[in-house]
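As they're listed, the protein sequences go chains A and B. So for the first sequence, this note's numbering puts the first residue at 1; every next one is plus one. So for the second sequence, this note's numbering puts the first residue at 1001; every next one is plus one.
Read the hints as simulated data drawn from the structure, not as lab findings. Please note: incorrect hints may appear among the correct ones.
[What the hints assert, rightly or not] Below, in silico cross-link-like pairs of lysine-lysine (DSS-like), each with a Cα-Cα straight-line distance of 25 Å or less: (1) A:K9 - B:K1103; (2) A:K57 - B:K1103; (3) B:K1103 - B:K1056.
Please read these numbers as outputs of a predicted model, since none were measured by experiment.
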Amino acid sequence: NAGVTQTPKFQVLKTGQSMTLQCAQDMNHNSMYWYRQDPGMGLRLIYYSASEGTTDKGEVPNGYNVSRLNKREFSLRLESAAPSQTSVYFCASSELGRRSVDGYTFGSGTRLTVV
Amino acid sequence: GDSVTQMEGPVTLSEEAFLTINCTYTATGYPSLFWYVQYPGEGLQLLLKATKADDKGSNKGFEATYRKETTSFHLEKGSVQVSDSAVYFCALSSGYSTLTFGKGTMLLVSP
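Starting from the given sequences, assemble the full structure and let the hints guide the process.
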């Protein structure tokens, strides 16, 4: 099925460890996004890539880096994980840059716990 | 800047009750409006959308009408089911690269 695929689905890290969350979409969308979701905070944008070759900071970028590897793939890296980064991470894609009316397509999420 | 305000939850209803979840927005120009639903343990799914004033979006018995005069996009359903229990997010797009989301409203439906 067409959509957004995130890996892994679950991960436990120790404080200070690094990891990369992977995201791939097969809808030929130009734009991709990383959000985190915490209880009572709604969705907060970490980074986004409006098109291949560009990335921009969102609301909460500190402690994260991203790479738009190609049009399909957009990865999120935690260089030195902290307990405050315990969250559910969602990747999404869209054609919003072209004033699309279709909104986002979301992945199923990565549940990350930092101990 | 753009913003979306949703009623705080949880909203607790009995099965077959009428549902309204309020959503109001602030935006420049003529945004597109969306409702997303998130079932427990899953990602967000697009529920319905409206792209211009007076449009009505509908899906799975849910409806919302784009009211420019009141800058609102309230979600309604005539008879909720236990399976509708989820978190509902209102969102808008002003033509930039990102959506603006509300904080979400949890709906709990009991048998």
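For a quick check of understanding: which of the numbered hints are violated here, in increasing order? Of the numbered hints given earlier, the structure breaks none, since each of them holds.
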